[in-house]
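Engineer: So the sequence lines, in the order shown, correspond to chains U and Z.
Quick note on numbering: the first sequence equals residues -16 to 96 in the working numbering.
Quick note on numbering: the second sequence equals residues 451 to 566 in the working numbering.
Source of the hints: derived by calculation from the structure; they are not laboratory data.
Backbone N, C-alpha and C fix where the C-beta goes; we use that ideal spot for every residue, glycine too.
Treat the hints with caution; some may be incorrect.
In the EDC-like style, the derived pairs of lysine to aspartate or glutamate whose C-alpha atoms are separated by at most 16 Å in a straight line are [said to hold, decoys possible]:
no.: 1; chain 1: U; residue 1: Lys76; chain 2: Z; residue 2: Asp488
no.: 2; chain 1: U; residue 1: Lys76; chain 2: Z; residue 2: Asp468
no.: 3; chain 1: Z; residue 1: Lys502; chain 2: Z; residue 2: Asp546
Quick look at which bits of chain U chain Z covers, simulated, 3 or more residues with Cβ under 8 Å [as the list claims (entries may be wrong)]:
no.: 4; stretch: 23 to 36
no.: 5; stretch: 51 to 59
no.: 6; stretch: 65 to 79
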Amino acid sequence: GESVGLHLPTLSVQEGDNSIINCAYSNSASDYFIWYKQESGKGPQFIIDIRSNMDKRQGQRVTVLLNKTVKHLSLQIAATQPGDSAVYFCAEKEYVGGFKTIFGAGTRLFVKA
Amino acid sequence: DTAVSQTPKYLVTQMGNDKSIKCEQNLGHDTMYWYKQDSKKFLKIMFSYNNKELIINETVPNRFSPKSPDKAHLNLHINSLELGDSAVYFCASSQDSGLALRDTQYFGPGTRLTVL
């Protein structure tokens, strides 16, 4: 079935610490995963993606890890800053005549100064 | 310079009314989408259009009718509004046909619809 979920609805971290946001998915055939960031009053913004033939991908201060064995995805943010405060969504793509993006429930990240 | 724009940003209306939300993208993208985000932040696709042609049509009441006059615009018309339609509606666009796996979507700022 199509199910992308998150372990924690909220996460609070101290500025400068590393953040880890987790996500579980149920479709073992999923081939592509994306992390989005949504700031208050704005639309989701692409952060980083990863294909199922990889287990790690790094961007600027962000790393996505994929564990296909347990169908788990995580987003790591290094040296978390106040500007990182937002809701983070993991998403997967499913093909239904065109690619449909299925979003998880979202995790709200609070960064304490 | 806004890449994907939506109007209005806020829409408050009575049950039973008909309303439209407009979306425009100036990115030259071929595919546009409508998403609904509920009060719990759950985001779900409603429709996608590629070059004015409907590609994805999720299980959405037929009170919702998307209209794409050209590939830069995708408007959403809602008839007989109900309380449960209250949500934030996001328009998005992507460069390719929607048939490419890696096809980044760019979202608009959202329209908050409140049905009283």
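Engineer: Evaluate each hint against the coordinates.
Structural biologist: Do the hints match the structure? See the list:
Distance restraint check for Lys76 (chain U) and Asp488 (chain Z): the Cα-Cα separation of roughly 20 Å exceeds the 16 Å cut-off, and the hinted pair is therefore not satisfied. With a C-alpha separation of about 32 Å, the suggested pairing of Lys76 (chain U) with Asp468 (chain Z) is violated against the 16 Å cut-off. At roughly 13 Å between alpha-carbon atoms, Lys502 (chain Z) and Asp546 (chain Z) fall within 16 Å of each other, so this suggested pair holds. Restraint check on the stretch 23 to 36 of chain U versus chain Z: 8 residues with Cβ-Cβ distances below 8 Å, three needed, restraint holds.
Against chain Z, the stretch 51 to 59 of chain U contributes 0 residues with a C-beta closer than 8 Å to a partner C-beta. That does not satisfy the three-residue criterion, and the hint is violated. Remark: the stretch 65 to 79 of chain U is confirmed as covered by chain Z, as 4 of its residues place a Cβ nearer than 8 Å to a Cβ of that chain, reaching the required three.
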